[in-house]
Amino acid sequence: MISAGIDAGAATTKVLLFQDMEIRGYRIAGTAFDFVTAAGNMFDSLLASCNIGREEVGNVYATGYGRNSISFADKSISEITAHAKGVSFLFPEVRGIIDVGGQDSKVIAIEDGKVVDFLMNDKCAAGTGKFLEYTAKALEVPINDLGGLALASHHPASITSMCTVFAESEVISLRARGITKEDIAAGLIASIAQRVGVMAKRMGLKEHIAFVGGVAKNAGMKVILEKELGVTLYVPFEPQITGALGAAIVGQGNR
Amino acid sequence: MPPPLQSLDFFQDSYELRIAQLKEEREKGIKIVGTFCLYVPDEIIFAAGADRIVLCGGKADTVPLAEQSLPRNICPLIKSSFGAVIDACCGGNLACPHVPLVDVVVAEATCDGKKKMYEMLSDYIPTYVLDLPQKPGSPEALDYFLSELRKFGKFMEGLTGNVVRNDALRREIRSANETKRLLHRLFELRKRDPPPIRGSEVLRVMQKQFFLSPDQFRQGVSRLCEEMEHATPDARTGPRIMISGCPMAAGNTKVADIIEQKGGVIVVEESCTGTRSFWDLVDEERDPWKALAERYLEIPCACMTPNDQRVARIVDLAKQYDVQGVVYYTLQFCHAYNIERFRVQRTLKKEKIPMLAIESDYGDSDLEQIGIRVDAFLEMIA
Chain A
0 MISAGIDAGA ATTKVLLFQD MEIRGYRIAG TAFDFVTAAG NMFDSLLASC NIGREEVGNV
60 YATGYGRNSI SFADKSISEI TAHAKGVSFL FPEVRGIIDV GGQDSKVIAI EDGKVVDFLM
120 NDKCAAGTGK FLEYTAKALE VPINDLGGLA LASHHPASIT SMCTVFAESE VISLRARGIT
180 KEDIAAGLIA SIAQRVGVMA KRMGLKEHIA FVGGVAKNAG MKVILEKELG VTLYVPFEPQ
240 ITGALGAAIV GQGNR
Chain B
0 MPPPLQSLDF FQDSYELRIA QLKEEREKGI KIVGTFCLYV PDEIIFAAGA DRIVLCGGKA
60 DTVPLAEQSL PRNICPLIKS SFGAVIDACC GGNLACPHVP LVDVVVAEAT CDGKKKMYEM
120 LSDYIPTYVL DLPQKPGSPE ALDYFLSELR KFGKFMEGLT GNVVRNDALR REIRSANETK
180 RLLHRLFELR KRDPPPIRGS EVLRVMQKQF FLSPDQFRQG VSRLCEEMEH ATPDARTGPR
240 IMISGCPMAA GNTKVADIIE QKGGVIVVEE SCTGTRSFWD LVDEERDPWK ALAERYLEIP
300 CACMTPNDQR VARIVDLAKQ YDVQGVVYYT LQFCHAYNIE RFRVQRTLKK EKIPMLAIES
360 DYGDSDLEQI GIRVDAFLEM IA
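Line by line, the protein sequences are chains A and B. Take the first sequence: its letters are residues 0 to 254, numbered as in numbering that gives the first Met the number 0. Take the second sequence: its letters are residues 0 to 381, numbered as in numbering that gives the first Met the number 0.
Note that these hints are calculated values from the structure, not bench results. Just so it is clear, the structure is predicted and the values come from calculations on it, not from any experiment. All C-beta atoms in this analysis are idealised placements derived from N, C-alpha and C, irrespective of residue type, glycine included. It is possible that part of the hints are untrue.
Calculated cross-link-like contacts (lysine-lysine; reagent style DSSO-like; alpha-carbon spacing at most 27 Å) [stated by the list, open to error]:
#1 Lys216/A with Lys113/A
#2 Lys113/A with Lys318/B
#3 Lys349/B with Lys205/A
#4 Lys113/A with Lys348/B
#5 Lys200/A with Lys348/B
#6 Lys200/A with Lys351/B
#7 Lys205/A with Lys348/B
#8 Lys205/A with Lys351/B
#9 Lys200/A with Lys136/A
#10 Lys136/A with Lys205/A
#11 Lys113/A with Lys180/A
#12 Lys150/B with Lys179/B
#13 Lys200/A with Lys349/B
Quick look at which bits of chain A chain B covers, simulated, 3 or more residues with Cβ under 8 Å [to be verified]:
#14 77-87
#15 109-116
Non-contacting residues of chain A with respect to chain B, defined by C-beta distances greater than 12 Å in every case (computed) [unchecked claim]:
#16 Ala9
#17 Glu21
#18 Arg26
#19 Ala28
#20 Gly39
#21 Asn40
#22 Gly65
#23 Met119
#24 Tyr133
#25 Ser152
#26 Thr163
#27 Val249
Using the sequences and the hints, build the whole thing.
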């Protein structure tokens, strides 16, 4: 059976097709204002490129913030369950997940592929991709370069503000004091790593931890978070799709 | 979900009756006391020949008004309560219709936020503050609280011109115990599987406990119990859930509503609007003042230290009500319950009872965020 997972996240939408224990294809795009139509179009184009007809898809499962609005989905599940399923499929030995997405971050403890506990931060942008996006703008650095820049730092600046808006002005004042872009970038990434690290420690995650979500694509972030936690993190080949993958797997009916 | 119970209408219908009753009493010269908290003993108020009514503290409307004087980062219950009183005192019509009915507010020295708010409240309305020991576990604390209750008795005597006699106090203790026994009967029925009543419905009933007269309230609860005894509810929609934490004052049913929308079945609440008001009875045989002091100090509020009795109570209730998960609810910036969460979580983990912590205020901005947590929690424990 072919199943589909739609992860309608706050910042990006992911669509994935799954068949015979394999990923058939996926799409990632920024979440549009009319995200239901946009997700539908992404789904159609993915089906077309995989040469699969809509009627061949058995179940469509939605997850993410917009999960209950995806009208063409058969069912919705929380992204906590979805990430746990998706990550456990890719790395069966994993016991914990750190997901840093565009507008939230979460830490999930899993045993035998099942969620046993979780923590979420989504009340503000602190510790999320948005924090990096805004502060990178203040640094006038493309977001994708921020990680590389941070790794070149020798004396990371200390960023004390957790608030995205205030961190932006802190960046500007550090710049005014002549601190290098490298050191500021390292400081910004360290501040997120610390915040997310506290969540992971609070959850008791010790080893076999996966790092997923858009921010996991940031190489500097991975290195600094590994240092913070003292472990090597598992990062999937495409860290943004584990939610959609998990939804599609649940859609197979093997819960 | 259980079908709606007809006898719940009684609680809706009795609102106007009760307001009319209080107005009539005032015209006759009976004094009315406004209260906020379980630590203020009804028994003493009634024994002095006064009546009482709980003041509103669960509505979002009055928060902006309160924030003109109070800091933004304190708990919404404090802000809402304060806003309700000052709005009513300034002739506004935003919130609490109970304030114009009361002669005096009897407050209590519980958490820091409330204590300091009551100082400001006294600029608007006569306010009496009942002091509480913070370490309730010693004989000295009990002696002190006993002296505070006697002092409060004297205050009530001054207010009403009536003497608080021991036989009147005993009568009121028996009356309040009768209410407590009825509530035990109600909560006992919730142990059934599926339970014959929704948690949000019980919450709305409990929010009226200190608003209605004891007679009215008991009449409603006993009708409800009779109907529940014969109810045949549909199968459960999801796991059995206990809510534990901060009070959900009248107007605030946000988290209970979300849990039920998502399919969770709330079977018990360890809170001031749940078990804390009625779980322990007052000893009817002993000296009434001492019996009251002992019973009221047993209330497991997080403003007390240490508060191990609360942690033990939560585990006990979780087992008695066969819950599959606990939702630990705190009002934003409520330090006492927020901090105590750690010890509760640790103990529940040992007992292998899953727990979800939710911190929220009275606004609607986090409905979706709470929804996703509840969805994930229910999926996790299903």
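Hint by hint, here is what the structure shows:
1. Lys216/A with Lys113/A: 25 Å, holds
2. Lys113/A with Lys318/B: 23 Å, holds
3. Lys349/B with Lys205/A: Satisfied, since the Cα-Cα distance of roughly 19 Å is no more than 27 Å.
4. Lys113/A with Lys348/B: 16 Å, holds
5. Lys200/A with Lys348/B: 16 Å, holds
6. Lys200/A with Lys351/B: 19 Å, holds
7. Lys205/A with Lys348/B: The given pair, whose Cα atoms are some 17 Å apart, holds under the 27 Å limit.
8. Lys205/A with Lys351/B: 20 Å, holds
9. Lys200/A with Lys136/A: 30 Å, violated
10. Lys136/A with Lys205/A: 34 Å, violated
11. Lys113/A with Lys180/A: Cα-Cα ~42 Å, so violated.
12. Lys150/B with Lys179/B: 25 Å, holds
13. Lys200/A with Lys349/B: Since the Cα atoms of Lys200/A and Lys349/B sit roughly 18 Å apart, the hinted pair holds (cutoff 27 Å).
14. 77-87: It holds, with 4 qualifying residues against the three required.
15. 109-116: holds (count 4)
16. Ala9: 10 Å, violated
17. Glu21: 25 Å, holds
18. Arg26: Answer for Arg26/A: holds, closest chain B Cβ roughly 23 Å.
19. Ala28: At about 21 Å from chain B, Ala28/A clears the 12 Å cut-off, so the statement holds.
20. Gly39: 21 Å, holds
21. Asn40: 24 Å, holds
22. Gly65: Violated, since 10 Å does not exceed 12 Å.
23. Met119: 6 Å, violated
24. Tyr133: Its Cβ never comes within 12 Å of chain B, the nearest being 20 Å, so this holds.
25. Ser152: 34 Å, holds
26. Thr163: Holds: least Cβ distance 17 Å, greater than 12 Å.
27. Val249: About 10 Å separates Val249/A from the closest Cβ of chain B, which leaves it inside 12 Å; violated.
Of the numbered hints stated above, those contradicted by the structure are hints 9, 10, 11, 16, 22, 23 and 27, listed in ascending order.
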